[in-house]
Amino acid sequence: MVLPTNLKHVATAKDHAELIENNENVMICCGRMGPMCIPVYDVMEKLQDEYTHVEFRDMAFDSPEAAVIRNHPACSSFMGLPFVVYYKNGELVAATSSIQNREQITGILDEKLQQ
Amino acid sequence: MNEKDYDVIILGGGPAGLTAGIYLGRAKVKTLIIDSGIIGGQTVLTYEVANYPGIEMVSGYELSSTMQKQALSFGCDIISNVGITETDIIGEIKSVTVNNETTYSSRSLILATGGKSRTLNVPGESELKGKGISYCATCDGDFFQDKEIVVVGGGNSALEEADSLTKYASKVTVLHEFDEFQAMEHAIEKAKANPKIDFILKSHITEFQGNGKLTGIKYKNLDNGDTNEMKVDGVFIFIGYMANTKELENTHIKLNEKGEVITDENLSTNVPGVFAAGDNRAVKYRQITTAVADGTVAALNSIEYLSTHSK
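Sequence order for the protein chains is A and B.
First residue of the first sequence: 1, per this note's numbering; consecutive thereafter.
First residue of the second sequence: 116, per this note's numbering; consecutive thereafter.
Worth flagging that the hints you see were computed from the coordinates, not collected in a lab.
This one's a predicted model, so the numbers in the text were calculated from it and none came from an experiment.
For every residue, glycine included, the Cβ atom is placed at its ideal position computed from N, Cα and C.
Among the hints, erroneous ones may be present.
[Unchecked claim] Below, in silico cross-link-like pairs of lysine to aspartate or glutamate (DMTMM-like), each with a Cα-Cα straight-line distance of 25 Å or less:
hint : chain 1 : residue 1 : chain 2 : residue 2
1    : B       : Lys-231   : B       : Asp-379
2    : B       : Lys-184   : A       : Glu-45
3    : A       : Lys-46    : B       : Glu-362
4    : B       : Lys-317   : B       : Glu-300
5    : B       : Lys-119   : A       : Glu-50
6    : B       : Lys-333   : B       : Glu-242
7    : A       : Lys-8     : B       : Glu-177
8    : B       : Lys-328   : B       : Asp-257
9    : B       : Lys-399   : B       : Glu-372
10   : B       : Lys-184   : A       : Asp-49
11   : B       : Lys-328   : A       : Glu-103
12   : B       : Lys-145   : B       : Asp-120
13   : B       : Lys-231   : B       : Glu-375
14   : A       : Lys-8     : A       : Glu-50
15   : A       : Lys-112   : B       : Glu-242
16   : A       : Lys-112   : B       : Glu-240
17   : A       : Lys-46    : B       : Glu-216
18   : B       : Lys-399   : B       : Glu-380
19   : B       : Lys-328   : A       : Glu-91
20   : A       : Lys-88    : A       : Glu-21
21   : A       : Lys-46    : B       : Glu-201
22   : B       : Lys-361   : A       : Glu-103
23   : B       : Lys-262   : A       : Asp-62
24   : A       : Lys-46    : B       : Glu-177
25   : B       : Lys-328   : A       : Asp-62
26   : B       : Lys-231   : B       : Asp-203
27   : A       : Lys-46    : A       : Glu-24
28   : A       : Lys-88    : B       : Glu-242
29   : B       : Lys-328   : B       : Glu-263
30   : B       : Lys-231   : A       : Glu-103
31   : A       : Lys-8     : A       : Glu-103
32   : B       : Lys-282   : A       : Asp-62
33   : B       : Lys-119   : A       : Glu-45
34   : B       : Lys-119   : A       : Asp-49
35   : A       : Lys-46    : B       : Asp-192
36   : A       : Lys-46    : B       : Asp-120
37   : B       : Lys-231   : A       : Glu-45
[Stated by the list, open to error] Counterexamples of contact, computed for chain A against chain B with all Cβ distances above 10 Å:
hint : residue
38   : Ser-63
39   : Ala-67
40   : Gly-90
Please construct the entire structure, taking both the sequences and the accompanying hints into account.
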């Protein structure tokens, strides 16, 4: 189960584990194709050329495999799509709920996922 | 710094800007659309569009994607999700600088900067967004299964979404600052007939409560000034839109007291060669169809301006 975006997808919990293990900086947007999620995918697509040290991915919120993000303790209070998680050296360093704009996303990337 | 010349620059890539781009592109006018966010504007944030003539039902994303494809197919250039760092629109040549890197210039400019959802701007709102506070019932409604929630607003969106949220919530309280609703009669009747919906009128929220997750609200009765508290799991805010014109405040473009662009019937602003279209204008109704009409009129008048003010 993957989303019809132009981003690379995380399809399984195994993919997720390998991704954060093998890459220093990772941002994953876990959502649906709804009004609060699509603008975040769009920002991520545009940022790929600018933040080449970050791996940008999406994951389908309704996939059972996305429990790895949905049930993460950092997301326990989240009640708005999408859930966006940021990893540095395999550790979750930031997470947001609901729509975020370019400025908010780059703010987190610049602070938490530096080169 | 890079410089690139166009005949017309359109600020904003919602339905107004994209329509203007389609008309200008078809007329072989060299056109650039710049948007600081996603192309499609407010339309992308609309789950379903049912009243766009000629199309029975379409998602806002699909509709704006099609408009974007049309504009591109007619030769329009489009850039999105960029920072507009400087604008100079007074002189004969207008210029827009993006990301402090590239300056684009043109002889005519169309301001189609659109609108954005109003927020309450009270303590706790930004911290608890996505943690109990939502602006999209379709997106987040299912997080509130069997929960008690509040819907803020009194227009069509507020009352229709309050009704739809009763599919999930055990109780919905509509909280509205006036003593009557602005919604259409059918939406009011449907909400009033729904046994899961209560109403609190002439009141507004003064504070969102919760540490990492919304747990309640404080609200004030505007008649007697009394402040009350209510325990709630969620609040959905639908209090309309405001013109997205903050970047125009220091540009000499004439705005009204609400920050909306003032135009004449040709959609000309007070600055020669600068037109406005769509939800940023001082108008009563803001629909995709009215934005599309504005984009058409602004584009055609821009073409006329270019022809009568030749290089």
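Restraint status (C-alpha distance of A/Lys-46 to B/Glu-216 at most 25 Å)
Status holds; Cα separation ~16 Å.
Hinted pair, alpha-carbon criterion (25 Å max): A/Lys-46, B/Glu-201. Please report holds or violated.
21 Å, holds
Please verify whether A/Lys-46 and B/Glu-362 have alpha carbons no more than 25 Å apart.
It holds: about 22 Å lies between the C-alpha atoms, which stays within 25 Å.
For the pair supplied as a hint, A/Lys-46 and A/Glu-24, is the alpha-carbon distance within the 25 Å limit?
Distance ~20 Å between A/Lys-46 and A/Glu-24 Cα, so the pair holds.
Under the criterion that the straight-line Cα-Cα distance not exceed 25 Å, is the pair A/Lys-112, B/Glu-240 satisfied?
24 Å, holds
Taken at face value, is the distance from the CA of A/Glu-103 to the CA of A/Lys-8 at most 25 Å?
22 Å, holds
Does A/Glu-50 lie within 25 Å of A/Lys-8 when you go C-alpha to C-alpha?
16 Å, holds
Given hint B/Glu-177 paired with A/Lys-46 - CA-CA distance at most 25 Å:
19 Å, holds
Can you confirm whether the C-alpha distance between B/Lys-231 and B/Asp-379 stays at or below 25 Å?
Holds: B/Lys-231 and B/Asp-379 sit about 23 Å apart, inside 25 Å.
With the threshold set at 25 Å, check whether the alpha-carbon distance from B/Lys-231 to A/Glu-103 stays at or below it.
16 Å, holds
Given the hinted pair A/Lys-112 and B/Glu-242, is their Cα-Cα distance within 25 Å?
Within the cut-off at roughly 19 Å; holds.
Does the alpha-carbon distance linking B/Lys-328 and A/Asp-62 stay inside the 25 Å limit?
Holds: B/Lys-328 and A/Asp-62 sit about 22 Å apart, inside 25 Å.
Of the numbered hints listed earlier, not one is contradicted by the structure.
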